[in-house]
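Colleague: Spelled out from the first residue to the last, the chains are:
2 protein chains.
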Amino acid sequence: MGEGVEWGLHCCVTLAWLGDDEPVPTARLAAWFDLPPAYLTKRLQALVKAGVLSSTPGARGGFRLGRPPERITLMDVVAAIEGPDEMFRCTEIRRRPERSGAPARQFPQPCGVAAAVRKAEMAWRRELAGQTVADLLAAAPAGAADHTRRHFPRVTG
Amino acid sequence: MGEGVEWGLHCCVTLAWLGDDEPVPTARLAAWFDLPPAYLTKRLQALVKAGVLSSTPGARGGFRLGRPPERITLMDVVAAIEGPDEMFRCTEIRRRPERSGAPARQFPQPCGVAAAVRKAEMAWRRELAGQTVADLLAAAPAGAADHTRRHFPRVTG
DNA sequence: GTCGCAATACTCGGATATGTCCTGTCCGAGTTATCAGGG
DNA sequence: CCCTGATAACTCGGACAGGACATATCCGAGTATTGCGAC
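First to last, the protein sequences are chains H and Y.
Under our numbering, the first residue of the first sequence carries the number 1, and numbering increases by one thereafter.
Under our numbering, the first residue of the second sequence carries the number 1, and numbering increases by one thereafter.
These aren't lab readings, by the way, just hints derived from the structure by calculation.
Everything numeric in this text was worked out from a predicted model, so none of it was measured.
Don't take every hint at face value.
Quick partial rundown of chain Y residues pointing at chain H, CB under 10 Å, derived from the structure [unchecked claim]:
(1) T56
(2) H151
(3) V155
Glycine included, C-beta positions come from ideal geometry on N, C-alpha and C.
Work out the full structure, taking the sequences as your base and the hints as a guide.
Modeller: Below, the structure is given as structure tokens:
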């Protein structure tokens, strides 16, 4: 997993705390978390394309949540940033004996090995899809939202 | 996930089918699956170090299963090949506002974001640990073992 | 005031370095079986 | 028949090259707000 996932999730939580009265520019988020601004922008754009965030261009523009926190699952964020492809890619190794001279056979689909690993992968995805940004907000300590709302605007971007 | 995982699992299944009367050299496995021999060796060595396989040096040496298939979980193979580190690494982004001028706070440990993702990661690991190579053998089609035993020795390494 | 115009502050998308890790190869050292030759 | 030594067949570990992908930066284009000046 790239670290972009961590960035994305923390940005979502922060945006939720700040509310969506007015959009937050990337420069501020980058300054807050001490991240490279240009690169963070790329990641946020990916979240916009997935509908997790919405962006408003122009002066006083920036990013805000694309929908309420209860409807943003961790799976949404991970999928948007890491890309849609699964972590286990079956290259059909099992068929290669044919290249090496063995006679062709009937193979069940999918490959048993691939199916087994994918079962685990589905558990991972299901667990991610079962948690929302709202859950993260609920689990955060009491003063966290206030602390953010108080000091975020003061950070020099 | 690197493709080494697929290699490792298929090799385990094949080794199980071939039985452990006599060890199987890497060159044969590589020829069977049409894989780069030197690189496959590296992966098998990792499995040996984890106890999944055992190796016998010298002429007529090679690899065989390190323990019965029922006691080799998919987690064992994945951990041996992919390494012990978790896929999500928390870099404690949440603390960085302090660097940017915000006052220090008390943070719960672990970070809520990290905990949420790790919960999903645990589901993935649990699912992998719940399946063994023996399960893969049981799920394979009827003739697969025979087919392998018949044609494997004929492949020119 | 208000209309128009320029400057500013943002996002968006693409092009481009840089770095890190996965993939793949090679070589030397150690270990064991096999085999040939001499007693 | 047995002992000995050489050869061959393997694993093991490290060093190293190449390429793919993640990381990071920069620039031009588009868009909205703000502010200024003229009427």
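Colleague: Give a verdict on every hint.
Modeller: Hint check:
The interface hint given for T56 (chain Y) is violated, since its Cβ lies 24 Å from the closest Cβ of chain H, which is over the 10 Å cut-off. Restraint check, H151 (chain Y) versus chain H: the minimum CB separation of about 4 Å is within 10 Å; hint holds. Annotation: interface hint on V155 (chain Y) holds; nearest CB of chain H at approximately 5 Å, less than 10 Å.
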